[in-house]
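If you read the protein sequences in the order shown, they are chains A and B.
Residues in the first sequence are numbered from 1 upward in steps of one, following my numbering.
Residues in the second sequence are numbered from 183 upward in steps of one, following my numbering.
Everything labelled a hint here was simulated from the structure, so no lab data went into it.
In this text the structure is predicted, and so the values were computed from the model without any measurement.
Some clues are possibly wrong.
[What the hints assert, rightly or not] Within a straight-line C-alpha distance of at most 20 Å, the following computed EDC-like cross-link-like pairs (lysine to aspartate or glutamate) qualify:
1. Lys322(B) <-> Glu83(A)
2. Lys322(B) <-> Glu309(B)
3. Lys133(A) <-> Asp76(A)
4. Lys322(B) <-> Asp252(B)
5. Lys322(B) <-> Asp362(B)
6. Lys140(A) <-> Glu265(B)
Protein chains: 2
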Amino acid sequence: MATLDDVSQRGSVLDLGINTLLEESGVAKASLYAHFGSKEQLIVAWLERRQEAWFGWFDAHVEKHARHGDPASEIDAAFGFLEAWLSRDDFAGCPFITVYVQLQNEEHPAALESRRYAERLHAYFFERLRRMKRPTGRAKEEAAALLDLYLGAVVVGQLGVAGSRAATAARRTARAILSDVL
Amino acid sequence: MATLDDVSQRGSVLDLGINTLLEESGVAKASLYAHFGSKEQLIVAWLERRQEAWFGWFDAHVEKHARHGDPASEIDAAFGFLEAWLSRDDFAGCPFITVYVQLQNEEHPAALESRRYAERLHAYFFERLRRMKRPTGRAKEEAAALLDLYLGAVVVGQLGVAGSRAATAARRTARAILSDVL
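Sequences are here, hints too, so could you generate the full structure?
Here you go:
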């Protein structure tokens, strides 16, 4: 569906009016409403597609770089994806964080969809820590630390602070967590 | 000046129109422009005051909880402030990140002011790591990791993912970085 792909390079669609969305996507208003019902549902649909696309890139990178079936190697490769993402010329922050922060309304359907992205990443780390035989409590704490590092590097990278170190420092710290020294 | 304090509890002022700002602050439009020149400058002034207030709370907490003159203890207390901040009922994310992300324009004067907040926090960590006799390169990398953890915990806390672990996991990881095990 061209509608969503055409705007998918933006950091956020929230500041777009319906008319701009229609203009950019080349879709008639009647067709838009027939598909999505409302602008709100269009944003949610856009976020769902962004999330599937993002995890598609993420999974492909991990598949290529991690040792198969090795959970620590998979988490390390996930941070390798972070490094690759932040070093892209078109990196413009995380669209899910952007939409969440722009909404300032945690009950909005698009905010719930954004939270689902962070929960999925958190679950990704937690499940692998459990496969590494971490006790549940420790796995929960380490998964939270890995999520802090991951989303923190995204925000620090977006702010342009700490040079290019945001992702490499996050990966190095994640490795230390995984290697049992913490 | 009541103008800025009255809106200081909001996560962001960017979605406020000039008339709302005037209404909330009880200031006449002529007086507003006489003081700030434009809405843009009002936002910058608001961010400057927020930043001074934030570092005031931060410094007071560190002063109270850290061993005087001990840079590792000061950084640990800085993460203690993070725990206290995120556990407040009125925690609504970081206003500097919020404004930066909402603007989607890194050259906007308010975006520069928001970046200044993150740079100041980064410098805070870096200077203390140097006092801990870390070589410059390592201090830069560790300061980046601490900033990732700090701002990441703010975003994870705002998203409401990982329960209440965002700040405690960040502090625990920061302690490990400081204690030389990484």
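Indices of hints not satisfied (ascending): No numbers; nothing is violated.
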